[in-house]
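Model the placement of chain U on the given structure of chain G, informed by the hints.
As a plain string of letters, each chain reads:
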Amino acid sequence: MTSPAEGREALPPALREAVRRDLAPVTPLAPPWRRTIFLALPTLLVVVAVLCLLVLRGGAANVFSLAGGGVSLLEWSTGLGLLWLAMREAVPGLGVGAGRALLALSAGVLLQVGLGLLLWWSGGAALSGPAAAAVGAQCATMEGAIGLPHLAIAIWLALRALPIRPRWSGALAGAAAGLLADSVWHLACARNDLEHLLVWHLGATLAMAAVGALSGSLWPRRPGLAG
Amino acid sequence: MEPIGKSETVEPLPDDLPELMSRYQAGDAAAFEELYGRLARSVRGFLRTLALPGTEVDDLVQNTFLQVHRSRQTYLPGQPVRPWLFAIARHVGLMSRRSSGRRSRRELQPFDELPELPVLARAAGALDRIALGRALGDLAAPGRETLWLHHVEGFSFREIAAIQGISETAAKVRAHRAIVALREVFVEAAT
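Just so you know, the protein sequences line up as chains G and U, in that order.
According to my numbering, the stretch in the first sequence is residues 146 to 372, in order.
According to my numbering, the stretch in the second sequence is residues 4 to 194, in order.
Chain G on its own, in the form it takes in the complex (with noise of 0.2 Å):
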């Protein structure tokens, strides 16, 4: 068998040309988990800090407990994970692939939907008619308030690289922005019933998921040469 190397092709001209006019010096990309590091070490700050807080006003049984601080780290790791995926699905020959960004999506709204069923099950009581939904309102609004900055710098992140499967980028990077939002407002919200969890906290999620991959499906496609 031949090896790949033999035989060498001439530049053409007209690539040649193209490259030419644009050939200043570029700063590579960070590495995929410095890139999510920058996003989401501010968000641990910001939980550490609640978390601070929390304990000085007394609340400190409720900061060291699975339902109080251990949902937020929970959250906050896998936001991560995800986030590292979503980074690493954008640069081509590191990509994770649909199946595995599909697995690692359905394990993050498992972990979401298996902590609302234990905080339920810890003694959630539900609401009902107006109030719950106007709770629930402003659950997902305060949600949205943190989390779609958050989404923002994430998609921008994933898709200034060259995502080769922007869809799935996009929805990685909604769904961790999504997890990182909840890991802090999960901190100030007291509601524990399932309904409000699944609804409110998951379906925010969910919604930040949707964008991004709605995002990665518009980003647009650069032309080459032949058109």
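What the hints contain is simulated information worked out from the structure, not anything from laboratory work.
Ideal placement from N, C-alpha and C gives every residue a C-beta, glycine not left out.
Do not take every clue at face value.
Chain U side only, calculated, beta carbon under 7 Å to chain G, not exhaustive [said to hold, decoys possible]: (1) Ala32; (2) His94; (3) Ile169; (4) Ser170; (5) Thr172; (6) Lys175.
Then chain U, alone, in the frame of chain G:
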């Protein structure tokens, strides 16, 4: 045929491609020219496995390197260059195929558009180069692509998985099925 998982027939490329790529990222035009000279032929062969006609492949090789140029900041220093570049080539090829409405079902690719086929040295006597080319052209595109990447380009299944966006196991299964299909073609031809 070579057993799946081994590619002892492929000579390793000199591993100075990352250094070339870093020079290119720093604005060295000669480094780009060197990269093109060394990799264009491989990229052309690979693009043809995606069932694209020869005339279009020439344009796509240029488009691949143009995309490489526009995205050169996405290469991470120190990483292998070829998986990065082949993932871009595959993306460019699939985009082109999708935009022109072609599908990866058993394409009836004319034989004269198949790439020059490297044949295993010990099999060269037994296998008819033309028959091998025809049989490869008759394989489903995903299997042919995987087979090509592994046995001709020497990529590991892990690298192939990253290029194709599938799991390592799926890449092995695709290659295995393609080998089985090829074997059936030759058994039928011999009987």
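* Asked: Taking the closest Cβ pair, is isoleucine 169 of chain U under 7 Å from chain G?
  -> Holds, because the Cβ-Cβ distance from isoleucine 169 of chain U to chain G comes to roughly 5 Å (cut-off 7 Å).
* To do: Would you settle whether the hint for alanine 32 of chain U is holds or violated, based on the nearest Cβ-Cβ distance to chain G being less than 7 Å?
  => It holds, given that the least Cβ distance between alanine 32 of chain U and chain G is near 6 Å, below 7 Å.
* Against chain G, with CB atoms and a cut of 7 Å, does the hint on serine 170 of chain U hold up? -> holds (6 Å)
* With a cut-off of 7 Å, does the beta carbon of lysine 175 of chain U approach a beta carbon of chain G closely enough for the hint to hold? -> violated (14 Å)
* Asked: Against chain G, with CB atoms and a cut of 7 Å, does the hint on histidine 94 of chain U hold up?
  -> Nearest chain G Cβ about 5 Å off; hint holds.
* Does the CB of threonine 172 of chain U sit less than 7 Å away from some CB of chain G? -> violated (10 Å)
The structure does not agree with the numbered hints 5, 6 stated previously, though it agrees with the rest.
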